[in-house]
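Protein chains in written order, with my numbering: chain A, 176 to 501; chain B, 81 to 409.
Quick caveat, the hints were computed from the structure, so don't treat them as lab data.
Non-contacting residues of chain B with respect to chain A, defined by C-beta distances greater than 12 Å in every case (computed):
1. E100
2. K114
3. E156
4. G225
5. I269
6. V301
7. G353
8. E387
9. G391
10. H392
So, partial list: chain A residues that the calculated Cβ filter (under 7 Å) puts toward chain B:
11. Y379
12. T382
13. R384
14. A385
15. H397
16. R400
17. N401
18. P476
19. R477
We put the CB at the ideal spot given by N, CA and C, even for glycine.
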Amino acid sequence: MLKFIGRRLLMLIPVMLGVVLLVFSMMYFSPGNPEDYILGDMATAEDKAAFRKENGLDDPFLIQYFNYVKNALQGDLGTSYTTKMPVIDEILERFPTTFKLALFSTIIAVAIGVTTGIVSAVKQYSIWDNICRFVAMIGVSMPTFWEGLMLIILFSVYLGWLPSSGFTSWKHWILPAVTIGTHSASSIMRMTRSSMLEAIRQDYIRTARAKGQKESVVIWKHAFRNAIIPVMTIVGLQFGRMLGGSAITEIVFSVPGLGNLIISAIKVKNAPLVQGGILFMAVVMSMCNLLVDVLYAYVDPRIRSQYVSGKSKKKTVSKSVTKEAA
Amino acid sequence: MEENILEIKDLTIHYVTDEETVEAVNGITLTLQKGESLGLVGETGAGKTTTALGIMRLIPDPPGRYISGEIIYKGEDLLKKSENEMRKIRGHEISMIFQDPMTALNPVLTVGEQIAEVIQLHHKISAADALIRATEMMELVGIEGSRHTEYPHQFSGGMKQRIVIAIALACDPSLLIADEPTTALDVTIQEQVLDLIENLKKKFGTSMILITHDLGVVAEVCDKVAIIYGGEIVEYGTLEHIYNNTKHPYTIGLFGSIPNFNEKTRRLKPIYGLMPNPADLPDGCTFAERCPDAMECCRSGKIPNIEIEPGHFVRCRKYQSQGGETDGE
Ligand SMILES: Nc1ncnc2c1ncn2[C@@H]1O[C@H](COP(=O)(O)OP(=O)(O)OP(=O)(O)O)[C@@H](O)[C@H]1O
Ligand SMILES: [Mg+2]
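For reference, chain A alone in the conformation it holds in the complex:
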């Protein structure tokens, strides 16, 4: 298992190089110069030249790329053009907010998505199933910014129950978390439903019923334990994406999170921050996927034995070798 994790971590390196190259080229080749945005209209030509020289912006593309990678490997993601703070510090300052938001949203999403998905599957084609599926379809097709705005109109403007922006109390988390959570609940619901429908039809469910087991236990212990893997995959993917900051929702609710940070950095071509931010997102997402893969092995003994078999194969080989030697 550890070997598997180690191998996966090694595989991160080429992925990261690719991500950096991509983002780097996008920042390099897109029109506009950072010094124009950062230094403002009042800056003289000399100021601008000095800025370019200081940040190595006149070097050829490949040199710039290699320098960036070299520094990044040493843990230095550069300094932000605007705040002159190390990029990594800026990111880590924003990350807890994004993390909490992602966590709340995921809890909401899983709670709603999994329960409605199971109800839908168990009572397939019933009125409940139809309602759930209809709502889920709306949920998937509704853009988050629109849903966010509607929630603000309803709960902040019209009813006045919840604040729409500013982050001072727990109440501020509710609307953004609900916006992100309901959106991802829809896809979790659809995945849970289809995966449960398949599990419920299996013979071992009939075996469990033939034992005299209660229907609720049959559903949760026997069916859901088997249906959980695709659900985990989609939850993991969504959580990883949320950890990168749900940019649009963060802007709608002015959440001081990672997504907001990167968007404002893009606007002024603050390249170190954009590159660092996206690299960070990629790492976080890969970690998230790795975690999900490890969890697979935890819930499914067949996957677990695949990891172990690498070891046991070696054992049998060494055994046969010793036999031959004897």
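With the hints as your guide, set chain B with the ligands onto chain A.
Just chain B with the ligands now, kept in the frame of chain A:
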């Protein structure tokens, strides 16, 4: 001895979907005495599994429907029982060995857990004690008890079948329904599993319905035989009746299609044609299409069930002039 543990009367089960109605089981009547073994024999699609699931009240609904009939178990009609009452019966009073051992076990639970589950459901004992009982059951069916922490995929097909048997027998059921317990297994393992079931049956005094399409297996294990065709029982009697005084053309055909070393037949005689689609059963005798002795009168009306000798029933017009007719089912 004359105590009937199970009496099925005129049981009819259909699968009803928007497109079609599959008439899987049509008016089956059976009795099973305590300690007795009944062989339910028929080709694929005859309605054997449906009958078995029908007794367990495990017909998938939708599309399955009980159209009519009674299933009297120890004097009470199972079809009138609530789901709660049925749960106490399943796995405890009546248990079932399923057709396909490869898929009958839950892949994410250890076999120990799966056996212990049924024990804990029907006995007031702790989880730890249930697990100990489960390992004892495993030893009983010939698998090391220490393997209880392993998962189904770590066992061979024959071993999985033994686990399924262990689950079915864990609570000493009064009635065991074995749905083709050996068809998924190779011949040597088949023998072992049959011996195992036989021994356990003797040990616990269990009554059994053995579902199979193998007449050889029936001769080995059963006291009574019911031949099922197109969801109807076409011939029913003791082992003696069916093997030595075969009457129904379909049963005769079945015997013709197994090798007989005493008579040195040169070739097996298969029954030509296919069983009619249960979604579209013909009028009259369902076997008429394939029957060598079919007459004009076979193709319409209700075919009477004739008691050709005491306890030996044949559903065929050929014997209408002989023996007492029992109608009403
Ligand atoms: N869930 C279902 N929905 C619709 N039709 C079904 C269903 N289950 C079984 N049937 C139909 O009912 C008929 C009887 O099926 P059943 O499973 O009882 O046959 P069987 O005698 O057990 O056959 P086999 O020897 O292949 O196991 C078949 O025609 C089958 O197609
Ligand atoms: Mg069957």
